[in-house]
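Could you build the full structure based on these sequences and the hints that come with them?
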Amino acid sequence: MNRNEMKLEFDSISTNEAFARVTVAAFMAQMNPSMEEVADVKTAVSEAVTNAIIHGYEGAVHKIMISGRIEEQQLFLEIADQGVGIVDIKKAMEPMYTSRPELERSGMGFLFMEAFMDEVQVISQPGKGTTVRMKKQIGQHGA
Amino acid sequence: MSGNVKAWKEQRIKDKVLWIQVPGELDHHSAERICREADALVRERDIREIVFDFSETVFCDSSGIGMLMGRYKMMKALGGTVRAVQVQERVSRLLMLSGVMKLIPVEAKQGGMENEQK
Chain A
1 MNRNEMKLEF DSISTNEAFA RVTVAAFMAQ MNPSMEEVAD VKTAVSEAVT
51 NAIIHGYEGA VHKIMISGRI EEQQLFLEIA DQGVGIVDIK KAMEPMYTSR
101 PELERSGMGF LFMEAFMDEV QVISQPGKGT TVRMKKQIGQ HGA
Chain B
144 MSGNVKAWKE QRIKDKVLWI QVPGELDHHS AERICREADA LVRERDIREI
194 VFDFSETVFC DSSGIGMLMG RYKMMKALGG TVRAVQVQER VSRLLMLSGV
244 MKLIPVEAKQ GGMENEQK
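Chains A and B supply the protein sequences, listed in that same order. Counting from 1, one number per residue, gives the positions in the first sequence under our numbering. Counting from 144, one number per residue, gives the positions in the second sequence under our numbering.
Hints in this document: simulated from the structure, not taken from any laboratory. Values in this document were obtained by computation on a predicted structure and should not be read as measured data. It cannot be assumed that every hint is accurate.
Stated by the list, open to error - Straight line, CA to CA, 25 Å or less: simulated SDA-like cross-link-like pairs of lysine to any residue:
(1) B:Lys216 <-> B:Arg186
(2) B:Lys252 <-> A:Met35
(3) B:Lys216 <-> A:Ala92
(4) B:Lys216 <-> A:Leu103
(5) B:Lys219 <-> A:Arg100
(6) B:Lys219 <-> A:Glu102
Next up, the structure:
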């Protein structure tokens, strides 16, 4: 069985948005994904990491954790912070909703995660942090 | 991660049009800097239009959408306009999905290089 795991921990600073998505893209390379699948995952990772930086830690520097797992052609990702958490997850995931309108956020982060991944699950507790769990089947484009 | 800093050097003003070369990867990190600098120029100079040149941009996320929508609102309030030109397919998909295309004219990337602007 094709199985692989990785863990990544880095500071919540904006230069690490590119680091995180490029590293995850490199991890999934062994699954032989299409360019579009790689772009989909990179966008979703970028959204989750940006959320952790802006909303989770509100600009303060702490750690963001990514764990990745490959099982056959399924990619599982978890992006976790130990920040302020989300009070109303349903509301946070509504398109166009942003808790920080002054920052000119588009309110489309979760919309993009859901559009580009097969499954997106948000686990959060106010004061404890937020974990975004995502799953994507790779290789649907027909060999 | 591809030469963001250098790419952003590419901005110029001609005939009240602010032309901005969007970097290869448009995320929260690079969008924040573009917004800051573009807003300062719009405040200081008489700008009627902002043209975002996406010819080098292969990655974009919702922060890029926020950048475009924010500049659109600002220019609209000042009676000006915003355009996106030379947009590649992947970025174009995101602009479509976000609905930003309904607000801002978006021109797809053509074979030729920046003959868009005089």
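- Query: Where does the structure disagree with the numbered hints, that is, which hint numbers, in rising order?
  - Reply: none
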